[in-house]
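> Sequence:
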Amino acid sequence: MNVERFDPNTALSREELASVSARSDVKGLLCIAHAWAVIAASMAMYAVWPNPLTFLIAVILIGSRQLGLAILMHDAAHGVLLRSKNWNDPVSQWLCAWPVFTDTIPYRHYHLVHHRKTQQKDDPDLHLSAKFPITKESFRRKMIRDFTGRTGLKLRRYQLLNAIGPAGMPFADRARNFWTRLGMPFVVNIILLAILTALGKPHYYFMFWLLPLLTWQQVITRIRNIAEHAMVPDNDDVMRNARTTYASWWERALWAPYWVNYHVDHHMLIYVPCYNLPKLHRLLLAKGYGPKMEIRKNYADVLRLATSKPAAA
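Take the sequence shown: its position 108, counting from 1, is numbered 107 in numbering that gives the first Met the number 0, and each next residue is one higher.
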């Protein structure tokens, strides 16, 4: 079945709808600039004070902004990152998607199915939430795989093999398939490597781009996936088959960038840009929708729920 849509016209006035759905080139570009500024500043911090602590901080902050770029690409996939339709996709591709080895256009086709079929048997993202709850030991093993890069390497290997194509495919077809699936991400990453090389720091590409992408970004992507749909109370209710999780300023800095934590609000009105989700959330609470929505007070609360399966005796 398809999940019934939330009708915003019965909940919000025309002026309120216009306010929360307003798109802004300036705000969208500032979000992208912020992500890249944090990435650059993190590398600069280590260059000025090279030690294990600044290295760890840089990896964590960069990984969080890599997830942030994916979040901003997600907004572009909904057509709401920028006001200008002509710039929304190109900016997303060059500055958000391709740097982290993804693609706005295929993601859009896939992701909109998730919104139409949220938590239903034909939801393409159901595998991310259906396994929960799990045991604390199972979660610990997953975190170790993520922290050590095993998950990231496995995913990138699958992505590369998928782009190369099956054995026996003619070379020309393989080359075409690779270019279609991974050509531009490789081009953009070569540009990143070239920029760092020109700055005299080619090794920073591996230390502060690939390493965060394969480690911390995988950790927080898993936490994000758990928080958004795992153990939701009602798969058939648009206000309860996704979750909003409140996040402090440091949680937003480390694993919940660009208002990604307002996820049930996003599912209720999918055309609201990420930078307007806090405003939408306040409006929904003011109009009495809070008790009807799946909202958790913090990420620790969500993880306790998701790891509540008893260990085997």
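Take the hints with a grain of salt, since some may be wrong.
[Said to hold, decoys possible] SDA-like, lysine to any residue: derived pairs with alpha carbons at most 25 Å apart:
no., residue 1, residue 2
1, K308, E136
2, K84, V187
3, K116, E136
4, K130, E293
5, K26, Y106
6, K286, E15
7, K135, T150
8, K296, R107
9, K120, F5
10, K84, K278
11, K130, K141
12, K286, E14
13, K153, L127
14, K296, N224
15, K130, T147
16, K26, F131
17, K120, F146
18, K135, E293
19, K116, E14
20, K153, L125
21, K26, L125
22, K135, D121
23, K291, R4
24, K130, L304
25, K135, E14
26, K291, A246
[Stated by the list, open to error] DEER-style ranges, computed between Cβ atoms:
no., residue 1, residue 2, range
27, I56, V25, 41 to 47 Å
28, M44, K286, 21 to 27 Å
29, A174, A10, 25 to 31 Å
30, A40, A10, 37 to 43 Å
31, W93, E136, 41 to 47 Å
Note that these hints are calculated values from the structure, not bench results. Glycine included, each C-beta is placed from N, C-alpha and C at the ideal position.
> Each of the hints needs a verdict: does it hold here or not?
Now the hints, each set against the structure:
no.	hint	verdict
1	K308 x E136	10 Å, holds
2	K84 x V187	22 Å, holds
3	K116 x E136	31 Å, violated
4	K130 x E293	19 Å, holds
5	K26 x Y106	22 Å, holds
6	K286 x E15	12 Å, holds
7	K135 x T150	18 Å, holds
8	K296 x R107	30 Å, violated
9	K120 x F5	20 Å, holds
10	K84 x K278	23 Å, holds
11	K130 x K141	13 Å, holds
12	K286 x E14	15 Å, holds
13	K153 x L127	16 Å, holds
14	K296 x N224	17 Å, holds
15	K130 x T147	22 Å, holds
16	K26 x F131	36 Å, violated
17	K120 x F146	31 Å, violated
18	K135 x E293	23 Å, holds
19	K116 x E14	29 Å, violated
20	K153 x L125	20 Å, holds
21	K26 x L125	32 Å, violated
22	K135 x D121	28 Å, violated
23	K291 x R4	15 Å, holds
24	K130 x L304	13 Å, holds
25	K135 x E14	46 Å, violated
26	K291 x A246	20 Å, holds
27	I56 x V25: 41 to 47 Å	30 Å, violated
28	M44 x K286: 21 to 27 Å	44 Å, violated
29	A174 x A10: 25 to 31 Å	51 Å, violated
30	A40 x A10: 37 to 43 Å	40 Å, holds
31	W93 x E136: 41 to 47 Å	42 Å, holds
Hints 3, 8, 16, 17, 19, 21, 22, 25, 27, 28, 29 from the list above are not met by this structure, while the remaining hints are.
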